[in-house]
Amino acid sequence: MEEIIEQLREANEPVPVPLELPDEDQLVEIEEQLFIDIPFVFREFLLTVSDVVYGSLEPVTVTDPQSHTYLPEVAANAWDAGVDRSMIPICQDGDDYYCVEEDGTVVLWSGEEELVTEETWESVWHWARDVWLES
Numbered sequence: 001m002e003e004i005i006e007q008l009r010e011a012n013e014p015v016p017v018p019l020e021l022p023d024e025d026q027l028v029e030i031e032e033q034l035f036i037d038i039p040f041v042f043r044e045f046l047l048t049v050s051d052v053v054y055g056s057l058e059p060v061t062v063t064d065p066q067s068h069t070y071l072p073e074v075a076a077n078a079w080d081a082g083v084d085r086s087m088i089p090i091c092q093d094g095d096d097y098y099c100v101e102e103d104g105t106v107v108l109w110s111g112e113e114e115l116v117t118e119e120t121w122e123s124v125w126h127w128a129r130d131v132w133l134e135s
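Note that UniProt numbering has the sequence shown beginning at 1, numbered continuously upward.
None of these hints come from the bench; they were simulated from the model. This structure is a prediction, so every number in the text was calculated from the model and none was measured. All C-beta atoms, glycine included, are put in the ideal place defined by N, C-alpha and C. A few of these clues could be false.
Restraint ranges, calculated between C-beta atoms of paired labels, are given here [as the list claims (entries may be wrong)]:
(1) GLU6 / ARG85: 29 to 37 Å
(2) SER67 / VAL28: 27 to 35 Å
(3) ASP84 / GLU2: 28 to 36 Å
(4) GLU118 / PRO16: 36 to 44 Å
Turn these sequences into a full structure, and let the hints steer you where they fit.
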């Protein structure tokens, strides 16, 4: 995990308006809006690297309600598209969503097929290493 955080920090691209990292209180507010608990490993991800801008993928953020990556907004769109309500989207990629399950596993939901594909990652950190850092 530390190694992936370091790689993401090094890859972080400068942007005119940098994102902010959330605090625990903001995550509690997000959970209340979503009516779902954020899995521990995804909480860590949001608290440590959700301000990183890198590559072609844009993981969800929780500090700016006006952002197109704002978690409650992305989740509402994902759930409307057919993603199971028990999964939290971590990143939208076209019509597809990378989602974290209750146990912390990350899956790819295909918008075209409207189902979870066989692609999975052990955690959001594995996803960040294998997918986000490669985008």
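Does the hinted range 36 to 44 Å hold for GLU118 and PRO16 at CB?
-> Hint holds: Cβ distance 39 Å, inside 36 to 44 Å.
Cβ separation of ASP84 and GLU2, checked against the hinted range 28 to 36 Å = Holds: the Cβ-Cβ distance is about 31 Å, inside 28 to 36 Å.
Does the Cβ pair SER67, VAL28 satisfy 27 to 35 Å?
-> 19 Å, violated
Does the Cβ pair GLU6, ARG85 satisfy 29 to 37 Å?
-> For GLU6 and ARG85 the Cβ distance comes to about 34 Å; the hint holds.
Checked against the numbered hints given earlier, the structure breaks only hint 2 and satisfies all the rest.
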